[in-house]
Structures are given as structure tokens and as C-alpha cells.
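Student: One letter stands for each residue in the lines below.
2 protein chains.
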Amino acid sequence: MERFRVAVVVTIRRSIADVQGMTVEQALHAIGFPMIEDVRIGKYVEMLVTAASAEEARAYVEQACQQLLANPVIEDYRVMFAVPIATEAEQQG
Amino acid sequence: MERFRVAVVVTIRRSIADVQGMTVEQALHAIGFPMIEDVRIGKYVEMLVTAASAEEARAYVEQACQQLLANPVIEDYRVMFAVPIATEAEQQG
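First to last, the protein sequences are chains A and Z.
Using my numbering, read the first sequence as starting at 34 and increasing by one per residue.
Using my numbering, read the second sequence as starting at 34 and increasing by one per residue.
Bound conformation, chain A alone (with noise of 0.2 Å):
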């Protein structure tokens, strides 16, 4: 088995106003950043998996999401990476 570094976003589906996001870029119009606009606000979740593969890992991690991470019927998700790192044990030789 192997540990990886996975990273999933989890953001609101497009035909979902994001109030939180609209909330945001007016405040940044008001500090001076007008060329900022179509602001989207998601969450960004990263963890450490043990599993046989990045495949097996990044699987476990869309399992993670259905169930847990996102809210299918609004929000949608995309594992942006799964890479694997060096186990404890074989850092500490």
C-alpha cells in the first residue's frame, strides 16, 4: 500500500446563483479591483490516502465526495490531483 496527496474541488453548479461569490466581488470593486469579476466560491479539500494505486485513491476520494463532501444536487466536484508521497516508515529509513 501506498500513501497519496490527494486535492478535490468541490464548487456550486453553474445554474446555482453563488451569493457568496457575488458577495465577494462587490466588496472587491469596492477596494479597487473592477478587472475582478464571475467570482465563484468552492471548497478545497486535501488529505493523505492509503490505497494500491492513484487510481484506487482517487476513487475512494469521489466515493468520499458522494457521500459526504459534496451535495450532488448543488454542488459539483473534480479531483484536481492524487500523487503519491514517501511513507513514514520510509522517511524515518
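One or more hints might be untrue.
[What the hints assert, rightly or not] DEER-style ranges, computed between Cβ atoms: (1) Z:A63 <-> A:V106: 31 to 37 Å; (2) A:Q59 <-> Z:P67: 42 to 48 Å; (3) Z:R38 <-> A:V112: 16 to 22 Å; (4) Z:A119 <-> A:V106: 17 to 23 Å; (5) Z:R47 <-> A:M34: 23 to 29 Å; (6) Z:N104 <-> A:G65: 15 to 21 Å; (7) Z:N104 <-> A:E35: 31 to 37 Å.
[Unchecked claim] Per the computed footprint, the stretches of chain Z lying under chain A, defined by three or more beta-carbons under 8 Å from a beta-carbon of chain A, are: (8) 78-90; (9) 97-103.
Calculated from the structure, these hints are not laboratory results.
Don't be surprised by glycine CBs; every beta carbon is placed ideally from N, CA and C.
Could you slot chain Z onto chain A? The hints should help.
Tutor: Same frame as chain A, but now just chain Z:
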């Protein structure tokens, strides 16, 4: 001027306890994901930026992070990507 889709991730510094992440980790273990550990939760912000270049778009977003999107005392931020998109005018021919 061009338009760029820019994404930034704002995470709690490693030295600070991520209480939300710990809570999610416990919940994941409770529903059958013991292989997922060290859960850290952050914010993901995606936006459209009008700028002369990708470097300028990235610089605007870094300023916005310093001034509003992140709390530099307890959070780190990193720009994930800054990619040009076709403008509405170009799309309409």
C-alpha cells in the same frame, strides 16, 4: 486587454489546527473511509480577470488575496492557474 480565468486556493497554515478538517476526517472514518487521513479544508476561488497578460492577471489576484481573500496571519494562498479565455465579443464574431 484579455480576459483570464484565474483560480486561487486559500488554506490554513500547517502550524494552525484545522478544526473543520479534523471534524470531516472523523466523519469520514465513521462512514467507512479509514484510509483517508490528515484532511485539510480551504477555500477555492475562481474568477474572471481582465488584464494585459496572464502575469498581470495573476498579480491582481495576489493583491486581492493579500487585501481581502486570505488572512495572511493564519492562511496561505496559491494561484492554481491563469488561463486566457475568448472574450464575449470574439465569441459573438
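Student: Evaluate each hint against the coordinates.
Tutor: Evaluation of the provided hints:
1. The hinted window of 31 to 37 Å between Z:A63 and A:V106 is violated, with their beta carbons roughly 22 Å apart.
2. Take A:Q59 and Z:P67: their Cβ atoms lie about 43 Å apart, and the range 42 to 48 Å holds.
3. A hinted range of 16 to 22 Å for the beta carbons of Z:R38 and A:V112 is consistent with their spacing of about 19 Å.
4. Checked against the hint of 17 to 23 Å, the C-beta distance between Z:A119 and A:V106 comes to roughly 31 Å, which is inconsistent with it.
5. At about 24 Å, the beta-carbon gap between Z:R47 and A:M34 stays in the expected band of 23 to 29 Å.
6. Roughly 19 Å separates the CB atoms of Z:N104 and A:G65, a value that falls within the hinted 15 to 21 Å.
7. Taking 31 to 37 Å as the suggested C-beta distance range, the pair Z:N104 and A:E35 conforms, at roughly 35 Å.
8. Three residues within the 8 Å Cβ limit are the bar, and the segment 78-90 of chain Z against chain A gives 7, so the coverage statement holds.
9. Proximity of the segment 97-103 of chain Z to chain A, defined as three or more residues with a beta carbon under 8 Å from a beta carbon of that chain, is established by the 4 residues found.
In summary, the numbered hints that this structure violates are 1 and 4.
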